Amino acid sequence: MFRIETENIGLNKKIILSGRIDGITSSDVEKAIDDLIAQGERTIIIDLSPVLYISSAGLRIFLAAQKELRKIDGSLIFLSPPDSVQKIFEISGFAGIFTIAPDETFLNIVLNGNKNLSKAEMIQLNGLQFEILSLNSPPASCFSIGSYDKQKNSSYSLQDVVPVPQTDFNFALGLAATGIEFDDYRNYFGESVVINNNLFIYPAIRGAKVDFILEEERVKSETIKFLNGFALKGSFNSITLMKEQEKLISLKEIIAALSLKVKSNLFGLVFLAVSGGVYGMNLKKVPVISEHSVPDIFENSLFHEWFDFPVEGRYSNHLLAGFGLVVKDKSLLPDNLKKHFPRNTSTHIHSLIMEKGYLSHKIEEFNKEMKRIFNELTSLKVQHLMSDSIFKSGFFAIIEVES
Amino acid sequence: MTQVASLQITNDLKEIARVISIIEECSSNIPLSFDVENAIELSLDELLTNIISYGYNDNDSHLITVDLWLEGEDDSKFVIIRLVDDGVKFNPLEKKEVDLDLPLEEKQIGGLGIHLVKKLMDELHYERREDKNVLTLKKKLKTIKES
Chain A
528 MFRIETENIG LNKKIILSGR IDGITSSDVE KAIDDLIAQG ERTIIIDLSP VLYISSAGLR
588 IFLAAQKELR KIDGSLIFLS PPDSVQKIFE ISGFAGIFTI APDETFLNIV LNGNKNLSKA
648 EMIQLNGLQF EILSLNSPPA SCFSIGSYDK QKNSSYSLQD VVPVPQTDFN FALGLAATGI
708 EFDDYRNYFG ESVVINNNLF IYPAIRGAKV DFILEEERVK SETIKFLNGF ALKGSFNSIT
768 LMKEQEKLIS LKEIIAALSL KVKSNLFGLV FLAVSGGVYG MNLKKVPVIS EHSVPDIFEN
828 SLFHEWFDFP VEGRYSNHLL AGFGLVVKDK SLLPDNLKKH FPRNTSTHIH SLIMEKGYLS
888 HKIEEFNKEM KRIFNELTSL KVQHLMSDSI FKSGFFAIIE VES
Chain B
58 MTQVASLQIT NDLKEIARVI SIIEECSSNI PLSFDVENAI ELSLDELLTN IISYGYNDND
118 SHLITVDLWL EGEDDSKFVI IRLVDDGVKF NPLEKKEVDL DLPLEEKQIG GLGIHLVKKL
178 MDELHYERRE DKNVLTLKKK LKTIKES
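Taken in sequence, the protein lines are chains A and B. Going by the working numbering, the letters in the first sequence line up with residues 528 to 930, in that order. Going by the working numbering, the letters in the second sequence line up with residues 58 to 204, in that order.
Simulated from the structure, these hints should not be mistaken for lab results. This one's a predicted model, so the numbers in the text were calculated from it and none came from an experiment. One or more of the hints may lead you astray.
[What the hints assert, rightly or not] 27 angstroms max Cα-Cα, derived DSS-like pairs, lysine-lysine:
#1 B/K146 - A/K895
#2 B/K134 - B/K146
#3 B/K71 - A/K747
#4 A/K788 - B/K152
#5 B/K152 - A/K747
#6 A/K614 - B/K146
#7 A/K865 - A/K790
#8 B/K134 - A/K747
#9 B/K175 - B/K146
#10 A/K558 - B/K152
#11 A/K770 - A/K790
#12 A/K614 - B/K189
#13 A/K812 - A/K895
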């Protein structure tokens with residue numbers, strides 16, 4: 528439903544709009560902006576991230592407000608419009624008359640000018656050099672989906688499927704498929720990862736291609752069918768950038784270094800990086816129940832029939848995009864989350880392996896760069912990523928999880 | 058051709074919400090991508106708001122008909138929307154284009170609605186038939202994999 532909230536952001540005011548901005552609700556938006564102008568506000572931030580829809584009635588309000596504000600040396604700044612709203616802004620010619628900040632990082636730069644560029648600082652952690660940008664975000668919530676128990680015997684069936692609405696989270700990983708009827712998708716489950724609302728699934732069948740649904744192509748009413756995994760709803764607490772180092776660095780070393788800057792025990796890691804050698808694995812067959820009973824797919828005799836798990840690193844210089852959870856002290860974790868870290872692991876990460884490519888080295892362009900890469904590059908696989916994998920350079924973003 | 062929805066509303070702005078909720082329901086059944094659904098919703102919202110706000114010279118109650126159907130095969134599927142009203146003659150295609158490049162001070166506040174419809178839809182067709190405005194909109198469907 529439609530909602531308006533006003534809050535402080537530094538020295539400025541922010542109006543957060545949720546729901547639909549149309550002929551019915553636009554007069555409320557108009558009043559909220561007029562009230563702030565009357566109170567003496569000049570730079571007003573309009574947070575559009577929870578907006579589902581905007582019609583010309585809403586555009587007119589913004590245009591009129593901007594005209595008023597310009598006369599008194601003020602302006603409206605839009606924050607995080609979703610793709611659907613961004614598209615309407617573009618075809619209305621708004622891009623030229625309004626400042627549109629795609630995220631909080633950019634907003635900080637707009638509000639604080641060059642002063643803020645130095646907000647990204649250089650730090651040395653465990654001998655590794657990072658550029659780091661700290662952002663104010665509340666801790667994220669994390670939830671488990673389904674169960675891993677039936678993977679071993681390949682005995683998942685319809686009753687194990689957990690349909691999760693695409694709008695309930697923005698990051699996730701697990702064994703998943705898309706479709707309506709179980710009989711239609713039962714043979715297409717595979718390693719999957721959701722990064723910033725973009726879904727990628729690598730069906731566990733011979734000759735599979737990565738299936739994907741990018742943010743703007745999501746169908747509101749459709750759910751993703753998970754057998755197991757976890758999901759996060761939240762935003763970045765920090766973004767770090769590691770440029771090419773003198774030696775090759777493993778993901779394990781990067782995580783150990785970044786953990787020093789993270790306050791929570793459990794955190795989400797999102798990355799966009801250039802590979803120096805991927806150690807990863809993916810299922811080759813879908814572990815749903817069939818007439819043949821399966822003793823244990825992890826056992827030596829069956830492992831290679833079920834998993835693609837080469838011993839040497841592959842995909843050097845390919846781009847990787849991934850999401851996963853990292854835990855610092857497993858003993859402090861609640862039982863319902865422990866299962867995501869079997870045996871002696873402390874990471875559970877899925878990575879998208881894409882074509883070879885180049886990455887921007889501008890830390891404030893992380894989100895933009897991710898969007899560009901998802902739109903332009905072909906994805907080859909989604910794999911469960913081992914922390915021995917080698918990274919040459921990349922962005923690593925942290926999402927702290929509430930305990 | 059597959060009929061998806063056919064409904065009549067009265068010339069009351071509150072009726073638009075009803076149209077939108079019916080469209081939302083239909084698009085989850087087809088299903089339509091978020092992009093296409095949004096384009097259809099927005100176009101209907103803009104056009105119906107125009108008809109209801111400016112289309113009538115009297116205070117009587119009038120009926121507006123909204124039809125929505127699908128045409129075409131696999132690779133070239135279209136959603137067709139037809140709006141019929143008995144209001145004053147109004148051909149949105151004859152409306153002057155909004156100049157997007159004007160500086161803010163000279164920018165017109167109105168006219169954006171029709172502009173959005175023209176940009177979001179693939180084809181628009183207008184005719185005046187038996188004292189009625191008949192506006193037909195066409196939108197190509199994208200398959201999920203196309204991007």
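Hints versus structure:
1. B/K146 - A/K895: This hinted pair is violated, its Cα atoms lying about 46 angstroms apart.
2. B/K134 - B/K146: The given pair, whose Cα atoms are some 31 angstroms apart, is violated under the 27 angstroms limit.
3. B/K71 - A/K747: Holds, at roughly 24 angstroms.
4. A/K788 - B/K152: violated, 59 angstroms
5. B/K152 - A/K747: Status violated; Cα separation ~34 angstroms.
6. A/K614 - B/K146: Judged against 27 angstroms, a Cα distance of about 31 angstroms means the pair is violated.
7. A/K865 - A/K790: With a Cα-Cα distance of about 19 angstroms, the restraint between A/K865 and A/K790 holds, given a limit of 27 angstroms.
8. B/K134 - A/K747: Given pair B/K134, A/K747 holds - Cα atoms ~20 angstroms apart, limit 27 angstroms.
9. B/K175 - B/K146: holds, 19 angstroms
10. A/K558 - B/K152: Violated, at roughly 31 angstroms.
11. A/K770 - A/K790: holds, 24 angstroms
12. A/K614 - B/K189: violated, 33 angstroms
13. A/K812 - A/K895: The given pair, whose Cα atoms are some 35 angstroms apart, is violated under the 27 angstroms limit.
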